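4 protein chains.
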Amino acid sequence: MAGSSIGDIFKVTTWGESHGEGLGAVIDGCPAGVGLCEEDIQAYLDRRRPGKDAFATSRSEADKCRILSGVFEGRTTGTPISVMVENNDQHSKDYDALKDVYRPSHADFSYEAKYGIRDHRGGGRSSGRETIGRVIAGAVASKILSQKGISFCTYVNSIGDVFCDPGYFEEGYILKNPLCMPDRTAFQVASKRIEELREQKDSVGSSVICVVRGVPAGLGDPVFEKLDANLAKAIFSIGAVKAFEVGDGFSLSMAKGSEANDGFAPDENGNITQITNHSGGIIGGISTGADIVLHVYFKPTPSIASLQKTADRSANAVDLEIKGRHDPVIGPRAAVVVESMAAITLFDAYLKNLGARNE
Amino acid sequence: MAGSSIGDIFKVTTWGESHGEGLGAVIDGCPAGVGLCEEDIQAYLDRRRPGKDAFATSRSEADKCRILSGVFEGRTTGTPISVMVENNDQHSKDYDALKDVYRPSHADFSYEAKYGIRDHRGGGRSSGRETIGRVIAGAVASKILSQKGISFCTYVNSIGDVFCDPGYFEEGYILKNPLCMPDRTAFQVASKRIEELREQKDSVGSSVICVVRGVPAGLGDPVFEKLDANLAKAIFSIGAVKAFEVGDGFSLSMAKGSEANDGFAPDENGNITQITNHSGGIIGGISTGADIVLHVYFKPTPSIASLQKTADRSANAVDLEIKGRHDPVIGPRAAVVVESMAAITLFDAYLKNLGARNE
Amino acid sequence: MAGSSIGDIFKVTTWGESHGEGLGAVIDGCPAGVGLCEEDIQAYLDRRRPGKDAFATSRSEADKCRILSGVFEGRTTGTPISVMVENNDQHSKDYDALKDVYRPSHADFSYEAKYGIRDHRGGGRSSGRETIGRVIAGAVASKILSQKGISFCTYVNSIGDVFCDPGYFEEGYILKNPLCMPDRTAFQVASKRIEELREQKDSVGSSVICVVRGVPAGLGDPVFEKLDANLAKAIFSIGAVKAFEVGDGFSLSMAKGSEANDGFAPDENGNITQITNHSGGIIGGISTGADIVLHVYFKPTPSIASLQKTADRSANAVDLEIKGRHDPVIGPRAAVVVESMAAITLFDAYLKNLGARNE
Amino acid sequence: MAGSSIGDIFKVTTWGESHGEGLGAVIDGCPAGVGLCEEDIQAYLDRRRPGKDAFATSRSEADKCRILSGVFEGRTTGTPISVMVENNDQHSKDYDALKDVYRPSHADFSYEAKYGIRDHRGGGRSSGRETIGRVIAGAVASKILSQKGISFCTYVNSIGDVFCDPGYFEEGYILKNPLCMPDRTAFQVASKRIEELREQKDSVGSSVICVVRGVPAGLGDPVFEKLDANLAKAIFSIGAVKAFEVGDGFSLSMAKGSEANDGFAPDENGNITQITNHSGGIIGGISTGADIVLHVYFKPTPSIASLQKTADRSANAVDLEIKGRHDPVIGPRAAVVVESMAAITLFDAYLKNLGARNE
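Residue numbers (the numbering used here), protein chains in the order written: chain A, 113 to 471; chain B, 113 to 471; chain C, 113 to 471; chain D, 113 to 471.
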């Protein structure tokens, strides 16, 4: 069944494989009249690209986007916005040896169990490059949201057991370091850890925090289309995500009601706001106007160069050492993907909310 | 926008408020020819009902279900299965004092911010009774899945800081204690804790684990319709859920690839299986055939009888003590709801997978 | 696959069989704050009920509706509106003889080819009573549309070869005669024709016209979600419809462009309007502000009492005479169903249009 | 709201404007393992292209398609199939004069009423070139259907008042004449008529018949997702369609039940088949196994070179003579579009039917 679309009103369909002609997104349902150009999208795509450092794959793709439809004289027309990025630096040969092998914790086995066929080159559709389409659409959603006063602060909060210290939080530093961490010391410690892991031919897990500011109260739905439920789906649809929290999340399961509850109070303008924000900006599935706080947990990159035991298509045991170009940690490049999925979901929720009341 | 349906092929629509005429579900897309009777559904609903003990609300509802359509001579006909439960024991007067107050960590404020109107009696649609429709559909999905060799083991793993010990796991004990815990000692400690909290007019958080056995490899999709993404949405659409993990979840963010990776190996029949199961049965969004393991974290019941500070509709500060009948902990009654949402999602994924290959 | 829902934002799910417990609709996505009571719906249902005359089935159902959810203190709350009508006057025994027979031009054979099972009593889900759910939802949509200045004029335009004469069109007469014709003479001729057919144990085809006034320009979409495409689906989903036209429809296929084109001109207020309306109020899939004109063509009632040749489940040839209570013509009772489907579609299009422009 | 996708399981999303970079389709939900190459699609696109004759626009586009994703080593992989056609022969200058004018019976006015903005070059998204995406997807659907024994015969049945005579039906002639008519004489008369109209700077309406053979009994649904309802939507979503019939369609509204009913009988193999086929292969919304017969009626090409009265954006009356390159009749080039939409709808219905019975 079709599985490459997300969103109901602002609907995004992505396509493309790691080693095919290219990748892209078709954004359907974008309101007409939005100023949009390729640079808006390119800025987001550039955040997703691997750096020129030790922390990322050495695959070198310009990832230049081209808007093929839906924009006329610099403004959206209400028709589908088709955007494409071409693949140029495929080294498909690297994957010949993996043709029949099921790499550990990769989609090879489960994908083939489903479809009976698989493009083994670079993971095919299950590649990290699949997120290009998400980031294209996220750039568009995020631009429109920013015009409505909604903004994002997304960063890597932990790499392995190296956690950022909230006391040393420096928002301006996030996009200035290749690990997207807001704490200079944590960045340095994590950098060193990653170098060690690379030498050990290993990889490591990570976590990302996304804070959304300025979301008005009232987005979401009380039942299946809860705002946090749709965010959970959008975020969990990113490869390698294994856990997701909203607000204080996990720790609320150990708290008492008197500690966990967020009361309300009028602010200086007489508007109702939360006194505390354990809930992470969403109560009963609907935004409250407080900051939305999302924690996303990634497993380690499954492609590692050290020896692993696994099996091949003919059910032979195989000793595997994965060659190729791989990030040793997923969070830093995935941060903009998290932000993109949040933006897509929130803008869709914004549009879905337009008809909530009879007026 | 419509938000009370879930599932694409096996589609469930629920309706009903806490203090209205009743609640129900319409299950559309259920295959024809499934043996089904009211007892199948009632057994599940009875697991959701409050016990006759200190751990649950004293609201007393028989919650007897009635199948109104879709079943003929004991078998489903392929048409919508409409099932209804009537409300009988509403004490709507209990809520008169809450008409204009925004209860802490309840949907009152956000719901009203969205719709401008709210049925304040018992939370209206944002009540825990809303889950009746989910459990009705879960019973149907789960019955069909069981015929395909797919079964569930769902239990409360923690209440506050009382955790079940895997070394004392006793599956047969789960449905024999009102807290649905698989560890007798943990049950006793947690019971005492809950009694203390009740005296303190407080409540507590909890967590639920749902293990699904027998799921064939190949369910799910590589991109937005990942099996774990749809499970995340389904589970996060349950009220009071604040975190969700698959497999080793959160802890994978702190692990190394060499620790986290699940290799494959042929079993005695020559079938490929995972050597370990850190992934929780889903890799790349698609089931692998290993047990699917879901961890769900609930916040404490927000309704507590101790004094809380909040605001009312006119932006006045209010000192609130909530009367009424409330569970002091959500997990025990929510376990069957978690299982229901997992069953609905898995059966829908099963049906969506039928056309994956051209045959 | 689920097939009993229609609409994207204003989503209607219907359920129920001719001889089951009852029938109903769940309306999800209705904006909050709409004044609504059972009488609003009952008025529409009463238009669907058979008259006490010779032109309709003698099955006598009160068809009293009951609102089960979604309305609080006389106003919609934004949650699903569940409405139910109980079945009371089933004569299921009448259908025992038809259990294994495939009635000509009935769904018996095709339904069973699909599902392998069939509720033979009164056609089950393929009965005309299935339209009760449509009319329930149509009543709600139509009430909201009327508040926005959108109104309907729906009538039977032909019965067999008896056509209403536009020159004798009398709008006020439509609901005053059991055939819903706007032309007194045509009504009299058609009445006589129907009596003759009843004596001949035969039935006859008919057509319905639905004119929608006051639709603003701009509803619909340029590609797959064209307003006329969605109207075509909604109307063709009514049993027994075999043809559908918008505006001058069929005859435009024989016209020249210079005859068929609708130019535009400013009206006295400087607004742009169509000079002519061959297009029936929709151009390029989007409403123009002119009256929307729909023609719907129904086949004759397939249940006739005269002898017919057909087959049974065991592939035996059968000589069939259908007993039971059947309308000799479908149009008069279907007129309100056509209006309902048009109202549901238009209100959904209205809501979908809210986010068309970035504002 | 998103409006450029059609289909639930086999889901097609199209994009592109007449004078943009190109046009394309993303086909999501195509089963894995289907042999597919660009030639399969090109053959269909070539049927859509204007001929080199007097009956079609002189715009000259090669319309060469390029498969960008979803196919690996000649077989589909289950991932989205992205196909693109570049625009090369745009004469956008031709449209400068039309920038502010609302052409009669074109989408200019209604589109702008909706979106407030419009790409006036060649109709933008409301151009006939939009159908390229439909034909791409139709080619894929039709190839898979043909492997299942389902085939199409699609032809122009009438141009203006020139109708093909069933007595002179010659199936092999359809693709041998530029008007796609199956009757040599009708082709000659119609050709002459079109030449006259061209001289008169006029255009003419037309109709297309699409017969689908080999459809198994059981596709479709009894309520809103009736097979004929989905076909009606798919066909009516093609620009310029104004009427649609299934089987004997319109004429059934004038028939008696005894004339219209299709009884059943066992064939020589003991299978149940219809004795007659007034129903056009669909009864109660579900296919019966008989040929599906669809009649589609097109209005005349609205772009004509003779003088027309209309208005511009500033509400001035305008005397308009449309320059540019336009087909004088729509049916001949639209025939393959009709076939494509039917194929997309039928293959989607085929896939939706896989889970109809519990097995």
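Source of the hints: derived by calculation from the structure; they are not laboratory data.
Treat the hints loosely; a few may be bogus.
Heads up, the list lumps identical chains together, so a pair's fine if it works in one copy or across two of them.
[What the hints assert, rightly or not] Derived BS3-like pairs: lysine-lysine, alpha-carbon spacing no greater than 27 Å straight-line:
1. K368 x K211
2. K368 x K313
3. K255 x K205
4. K421 x K313
Because the structure is a prediction, the values reported are computed rather than measured.
Going through the earlier hints one by one, which of them does the structure break, listed in rising order?
3
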